[in-house]
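**Q** The lines below spell out each chain.
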Amino acid sequence: MNRILSKNQNIENSTNKRHRKEKRFKSLCLGAVIVAILFLIILLSSLAYKGLSGFTKTTIQIPIYFNEEIIDPENTRDIAVINKASFRKIFKQSLLQKFPEAKDNRKMYRNISKIFSRGSTYLLKNMVLDDISLIGKTINVDLISSSTIDQLRKNNINIKVPESDRPVSDATLKIYDQLNTEGVIKKRLNFSFFKYGDSRNPEEAGILGALLGSMFTLIITLLLSFPIGVLTAIYLEEFAPKNKFTYFIEININNLAAVPSIVFGLLGLAIFLNFFGLPRSVPLTGGLVLTLMTLPTVIISSRASLKAVPPTIREAALGLGASKLQAVFNHVVPSAAPGMFTGTIIGMARALGETAPLLLMGMVAFIVEVPTSIFDPATVLPAQIYLWADSPERGFVEKTSAAIIVLVLFLIIMNSLAIWLRRKFEVRW
Amino acid sequence: MIKNDNIKITTNDLCVFYDEKQALFDVNISINEKETTALIGPSGCGKSTLLRCFNRMNDTIENCVVKGNINIDNANVNNPEIDVVQLRTKIGMVFQKPNPFPKSIFDNVAYGPKIHGMAKNKLELEEIVEKSLKQAGLWSEVKDRLSQPGTSLSGGQQQRLCIARAIAVRPEIILMDEPCSALDPIATANIEELMDELKKEFTIIIVTHNMQQAARVSKNTAFFHLGKLIELGPTDQIFTNPKLEKTQDYITGRYG
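Residue numbers (the working numbering), protein chains in the order written: chain A, 1 to 429; chain B, 1 to 256.
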């Protein structure tokens, strides 16, 4: 340091020490930030690496002959008749047309049919139901491949290991190679991932059921926890007398925020399902339980933002002859609103990622049907992730990561909304 | 003593307690209509507490108890049955720190008339806002930016905005709690000038630490010490020829 400036050697020594201390602290902080960012990058890139392929599927184009003899021999064009028709036969006939060598070779036929999704016959049926004029025609159809073939195309299966150690047989591999050289195997965006609910077959499994389940559940949670939480906070902060009773309530609310979520699940099970007899597995009860869990967060953050409003604003309004209610709702609450929104959305984001309490409400379940209302059985995104992560099929691995990507996107949207709301309503003093 | 022909406010043995602590002791004071009365005294002497008694702002302080009578126009406003909302439309208040609402300049002034239903339509409201801003000497400075936030003004302008906001309700009395303590000398001079105008129409009670200010703006001055009213009299007499030694000591700066 500058010798001329310092009057005293001791001061000079101590300032040097203080500056070094500051530098050390700063580099420590910087290190922490870098570590945090590194972890974030690792998380996001591994998700993207594993999950992005989950948004694509493999199709195989095969000419399908919609044989009138099989579908509708009497030419009625009646939907009931078509519904009853065996599209399995159509499928088999067309496959044998394509692979005549499999005609009298059962084993070979099985190998061939295995490269297609088990849902193929439903696809064919739906095509005919949508367009009756297809009957009697031969059409090139992009059939969805089975999950194994999908994984094969995505190079997720090591074909160099002995046949017994891998899910695809040499025979299937041969057929695959043959189709590949024909150029009928194509990679496509898997829109059906966003159009359907869960399935036992990875290639057919979709996320819409869980996405809607999460949305319905969160809507219930928001509609209940925001008004109840904000009104509680306003009452406690602005109107309630400051006595031992309100102090007791305050301590209890703070403690509730720290209660593990599974306990709220048990509470919900005892009250909503067993006592009130509400239906299980539905977003309504799930939302009720998540409301219990979110309320303390909303109340605490709302109270904090009300506390942060300068008391001079209250005095100014009261001094003008505003009633207490007018002072609170015209001035204090609008100033505190951004904080309330932020707190609520943080609580909602936590609720979105919650699985444990919903486990007890029966929402961690294999549900194929896409829910259409809050009274339909549904599962939620984190529960779907858990279920898929628990499945042994190779195809569910990328589905799991894809579902995580959807969940993370959902969270990012919610948090951006929180930031936008805060910016929009922020008050500068 | 001061002339007693147009008394607006009198207090009768007014005592104020914060829990156990007594802040005001048997205060008997009378304040004249359409004159400026200054309350002076060292910090913690109870002058702000007294000021806040007049419009019952002490109600908002949980542990504050007010005993005794406060008569404004012969009605005891310390009566619990008095509606404080009505009382405060009659008595405006300007605070130590400028505290405009985080809203536009227009909305700041319009808020009081709006909640009291003083304007039948938008045009009337605009008239009230313009009149109040003109009276507060702020109109020429803000007339082109009424929609900008009140908080964007300078400190002195903010305080004049607060005065405009208070007089927009057409009160009879304006309480000012050290209105210039956060302002620079030029802004202070503006406000003092303004007070000179306002006293023609309103009864003004001002709490101030600045004795020159008290001497400049007020007609009567009350000196408080340790919660007691020591001396009340015409300002020139208090400052030039106080009756009591305590007042003399404070005014000459021997303590405070």
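By construction, these hints were calculated from the structure, which means they are not laboratory data.
Here a beta-carbon is modelled for each residue, glycine too, at the ideal position from N, C-alpha and C.
You may find that some hints are simply not true.
[To be verified] Short, incomplete list of chain A residues facing chain B, as computed with Cβ under 10 Å:
#1 Asp165
#2 Ser169
#3 Lys242
#4 Pro310
#5 Ala317
[To be verified] Covered, in the sense of this in silico footprint (three residues per stretch, anywhere, with C-beta under 8 Å from a C-beta of chain A), are these stretches of chain B:
#6 43 to 51
#7 198 to 209
**Q** List in ascending order the numbers of the hints, as given earlier, that are violated by the structure.
**A** When the structure is compared with the hints, numbers 1, 2, 6, 7 turn out to be violated.
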